[in-house]
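Use these hints to put chain B onto chain A, whose structure you have.
2 protein chains.
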Amino acid sequence: MRWLRFEKEGKSHYGILEGNTVAQVAGGPFTRHRRTGKTYPLRSVKLLIPVQPPTFFCAGLNYVEHIREQAAKRGEAPKIPTNPDMGYRFQSALVPHGHDVVIPRDAGEKVQYEGELVVVIGKQAKHLTEKNALDCVLGYTIGNDVSERDWQRGDRTHWRGKCCDTFKPMGPWIETDVKLETLKTTVRVNGQVTIEFPTNHMLFGVRTFIASLTKYITLMPGDVIWMGTEGSAPNLKHGDVCEIEINQIGTLKNKFVRER
Amino acid sequence: MRWLRFEKEGKSHYGILEGNTVAQVAGGPFTRHRRTGKTYPLRSVKLLIPVQPPTFFCAGLNYVEHIREQAAKRGEAPKIPTNPDMGYRFQSALVPHGHDVVIPRDAGEKVQYEGELVVVIGKQAKHLTEKNALDCVLGYTIGNDVSERDWQRGDRTHWRGKCCDTFKPMGPWIETDVKLETLKTTVRVNGQVTIEFPTNHMLFGVRTFIASLTKYITLMPGDVIWMGTEGSAPNLKHGDVCEIEINQIGTLKNKFVRER
Numbered sequence: 005m006r007w008l009r010f011e012k013e014g015k016s017h018y019g020i021l022e023g024n025t026v027a028q029v030a031g032g033p034f035t036r037h038r039r040t041g042k043t044y045p046l047r048s049v050k051l052l053i054p055v056q057p058p059t060f061f062c063a064g065l066n067y068v069e070h071i072r073e074q075a076a077k078r079g080e081a082p083k084i085p086t087n088p089d090m091g092y093r094f095q096s097a098l099v100p101h102g103h104d105v106v107i108p109r110d111a112g113e114k115v116q117y118e119g120e121l122v123v124v125i126g127k128q129a130k131h132l133t134e135k136n137a138l139d140c141v142l143g144y145t146i147g148n149d150v151s152e153r154d155w156q157r158g159d160r161t162h163w164r165g166k167c168c169d170t171f172k173p174m175g176p177w178i179e180t181d182v183k184l185e186t187l188k189t190t191v192r193v194n195g196q197v198t199i200e201f202p203t204n205h206m207l208f209g210v211r212t213f214i215a216s217l218t219k220y221i222t223l224m225p226g227d228v229i230w231m232g233t234e235g236s237a238p239n240l241k242h243g244d245v246c247e248i249e250i251n252q253i254g255t256l257k258n259k260f261v262r263e264r
Numbered sequence: 005m006r007w008l009r010f011e012k013e014g015k016s017h018y019g020i021l022e023g024n025t026v027a028q029v030a031g032g033p034f035t036r037h038r039r040t041g042k043t044y045p046l047r048s049v050k051l052l053i054p055v056q057p058p059t060f061f062c063a064g065l066n067y068v069e070h071i072r073e074q075a076a077k078r079g080e081a082p083k084i085p086t087n088p089d090m091g092y093r094f095q096s097a098l099v100p101h102g103h104d105v106v107i108p109r110d111a112g113e114k115v116q117y118e119g120e121l122v123v124v125i126g127k128q129a130k131h132l133t134e135k136n137a138l139d140c141v142l143g144y145t146i147g148n149d150v151s152e153r154d155w156q157r158g159d160r161t162h163w164r165g166k167c168c169d170t171f172k173p174m175g176p177w178i179e180t181d182v183k184l185e186t187l188k189t190t191v192r193v194n195g196q197v198t199i200e201f202p203t204n205h206m207l208f209g210v211r212t213f214i215a216s217l218t219k220y221i222t223l224m225p226g227d228v229i230w231m232g233t234e235g236s237a238p239n240l241k242h243g244d245v246c247e248i249e250i251n252q253i254g255t256l257k258n259k260f261v262r263e264r
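These protein sequences, in sequence, are chains A and B. Heads up: the first sequence at position 201 corresponds to 205 in my numbering, and the numbers run straight through without jumps. Heads up: the second sequence at position 49 corresponds to 53 in my numbering, and the numbers run straight through without jumps.
The following block holds chain A by itself, in its conformation from the complex:
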């Protein structure tokens, strides 16, 4: 089942996507809900981010080749994390599928995508185990953890390197029926495939991160966990279009433009 959030005539609604038809819903996936009976063609609605997360968690370094390649680019030895330490991002940077990513005027050339699986939490949860970790998950969407590498390395925090306005595209919708083991991430820039990788080949998987996190932290409905990315990416420039596809979920597509 696919949950999406959309704007129609100036108001935001949740909907259920069936083929190319959106069935409007009163309420949403985190509360009681019912179909209103109204339907719209998918192409006629404006997609919003599928959820405004109360807390925005981000796993960070979670694929071994990504860690090795980023370290090699800096001429350093790779530091492979030994524990699932959770990072986080600014909610203010989130934009939906189809929204432009605006590269700040004074950003450097090393603006890159990171294609990520996003876990969407459906239920309040604490003290989960690896075995029951997925009980709190509503479904999955896609994130692009856009990064400006000079700021990421040079600043004391990731505020500009990762969290400039529009640097966190998320969407297009939440898919509730996913087999993690068979997911594949494919990234295309201007239609050309730049990387493909098995989405679930993580250093620490979804179950491990949720079990670890909920030892200390209560997850709430609507929280998101971005699961990190594999490999390295080319620099993106004004006019480039980046698509992140995860089979079973969908494709998150955004154009990059440089601020005038």
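These are computed hints drawn from the structure, not numbers from a lab. It should be emphasised that the depicted structure is a prediction, and the values quoted were computed from it without experimental measurement. Just to be clear, a hint being listed does not mean it is correct.
With the C-beta cut set under 10 Å, the calculated list includes, among others, these residues of chain A facing chain B [claimed, not checked]:
1) Pro58
2) Thr59
3) Pro85
4) Gln95
5) Ser96
6) Ala111
7) Lys114
8) Lys130
9) Met224
Derived DSS-like pairs: lysine-lysine, alpha-carbon spacing no greater than 25 Å straight-line [what the hints assert, rightly or not]:
10) A:Lys12 to A:Lys188
11) A:Lys219 to A:Lys257
12) B:Lys259 to A:Lys219
13) A:Lys50 to A:Lys259
14) B:Lys259 to B:Lys188
15) A:Lys241 to A:Lys259
16) A:Lys135 to A:Lys188
17) A:Lys12 to A:Lys241
18) B:Lys114 to A:Lys219
19) B:Lys219 to A:Lys114
20) A:Lys241 to B:Lys130
21) B:Lys127 to A:Lys15
22) A:Lys83 to B:Lys42
23) B:Lys50 to B:Lys183
24) B:Lys42 to B:Lys15
25) A:Lys130 to B:Lys259
26) B:Lys130 to A:Lys259
27) B:Lys257 to B:Lys15
28) A:Lys130 to B:Lys42
29) B:Lys127 to A:Lys130
30) A:Lys219 to B:Lys241
31) A:Lys259 to B:Lys12
32) B:Lys130 to A:Lys114
33) A:Lys241 to A:Lys219
34) B:Lys50 to A:Lys241
35) B:Lys15 to A:Lys127
Here are the simulated distance ranges between beta carbons [as the list claims (entries may be wrong)]:
36) A:Gly112 to B:Arg160: 21 to 27 Å
37) A:Glu69 to B:Asn251: 36 to 42 Å
38) B:Glu80 to A:Asp139: 39 to 45 Å
39) B:Asn251 to A:Thr212: 35 to 41 Å
40) B:Thr186 to A:Glu263: 37 to 43 Å
No residue lacks a Cβ here, since even glycine has one placed at the ideal position from N, Cα and C.
Below, chain B without anything else, positioned relative to chain A:
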């Protein structure tokens, strides 16, 4: 003027505090609002965090003595930040005035307070200057950036060191009329003063941080910016009561208990 959020008969409301009387309001400080005519004695209502922030910014290292003392404790040379790089915290850790801070069962002994001024944003804002930075500010509250120092140093992120459930007390209310230059922070543990410092003696002040941040990031109504702390703190143990007072604003008081 003092805005607070409170629970009464299972519902949350905004109110305006006048002396020891709470005037209930429909709406709140970030939307249209009007007095309902209902009033309550302050002691009869349960205080909530004064705002659930869309994004939770945190300045981090922002007082020179704090940076020097923390470095000395680790036997390192102090690294004074050269730019106002903004950090952030998990919203999930926020609790109100009067709520217990629960020290996790397996936390070490070095659980410490950090008394901080909190800026509450009232209006959407981008590209502010140092001159007009305060135009977007609704008012100020108080935060306790509780830290477990072993996790803070040892983990790759601040997820456990700073963001365990209940580690971010914030309140008791928002004061809109504040003279930054004359603020003084006083911290007491079990009634004994442990530190006093001029609140505004920051490395980078409120105007500087807002001007810097809004070059890249849009602030939204309800966002909070925690401004860092001065000096060092004793270890807190089960049963200790920590009060952070900032004159003109109020006192944020929380008991520390260790998880059984």
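Hint check results:
1. Pro58: The hint holds - Pro58 of chain A has a Cβ within 10 Å of chain B, the shortest such distance being about 5 Å.
2. Thr59: 5 Å, holds
3. Pro85: With a closest approach of 6 Å, the Pro85 of chain A hint holds.
4. Gln95: Since the shortest Cβ distance to chain B is 5 Å, the answer is holds.
5. Ser96: Given a least distance of 5 Å, the restraint on Ser96 of chain A holds.
6. Ala111: Holds - the Cβ of Ala111 of chain A comes within 10 Å of chain B, reaching about 9 Å at its closest.
7. Lys114: 16 Å, violated
8. Lys130: Hint on Lys130 of chain A: holds, closest Cβ of chain B at ~8 Å, below 10 Å.
9. Met224: 6 Å, holds
10. A:Lys12 to A:Lys188: 32 Å, violated
11. A:Lys219 to A:Lys257: Between Lys219 of chain A and Lys257 of chain A the Cα gap is close to 35 Å, so the pair fails against 25 Å, i.e. violated.
12. B:Lys259 to A:Lys219: Distance ~21 Å between Lys259 of chain B and Lys219 of chain A Cα, so the pair holds.
13. A:Lys50 to A:Lys259: 16 Å, holds
14. B:Lys259 to B:Lys188: Judged against 25 Å, a Cα distance of about 22 Å means the pair holds.
15. A:Lys241 to A:Lys259: 10 Å, holds
16. A:Lys135 to A:Lys188: 23 Å, holds
17. A:Lys12 to A:Lys241: 32 Å, violated
18. B:Lys114 to A:Lys219: OK: Lys114 of chain B and Lys219 of chain A at ~19 Å, within 25 Å.
19. B:Lys219 to A:Lys114: It holds: about 19 Å lies between the C-alpha atoms, which stays within 25 Å.
20. A:Lys241 to B:Lys130: 24 Å, holds
21. B:Lys127 to A:Lys15: The given pair, whose Cα atoms are some 21 Å apart, holds under the 25 Å limit.
22. A:Lys83 to B:Lys42: 59 Å, violated
23. B:Lys50 to B:Lys183: 28 Å, violated
24. B:Lys42 to B:Lys15: 14 Å, holds
25. A:Lys130 to B:Lys259: Judged against 25 Å, a Cα distance of about 22 Å means the pair holds.
26. B:Lys130 to A:Lys259: Holds, at roughly 22 Å.
27. B:Lys257 to B:Lys15: 23 Å, holds
28. A:Lys130 to B:Lys42: Violated. Lys130 of chain A to Lys42 of chain B sits at ~38 Å, over the 25 Å cutoff.
29. B:Lys127 to A:Lys130: 34 Å, violated
30. A:Lys219 to B:Lys241: 20 Å, holds
31. A:Lys259 to B:Lys12: 48 Å, violated
32. B:Lys130 to A:Lys114: 24 Å, holds
33. A:Lys241 to A:Lys219: 42 Å, violated
34. B:Lys50 to A:Lys241: 52 Å, violated
35. B:Lys15 to A:Lys127: 21 Å, holds
36. A:Gly112 to B:Arg160: 21 to 27 Å: 25 Å, holds
37. A:Glu69 to B:Asn251: 36 to 42 Å: 55 Å, violated
38. B:Glu80 to A:Asp139: 39 to 45 Å: 43 Å, holds
39. B:Asn251 to A:Thr212: 35 to 41 Å: 47 Å, violated
40. B:Thr186 to A:Glu263: 37 to 43 Å: 39 Å, holds
Going down the numbered hints, you'll see the structure goes against 7, 10, 11, 17, 22, 23, 28, 29, 31, 33, 34, 37, 39, while the others check out.
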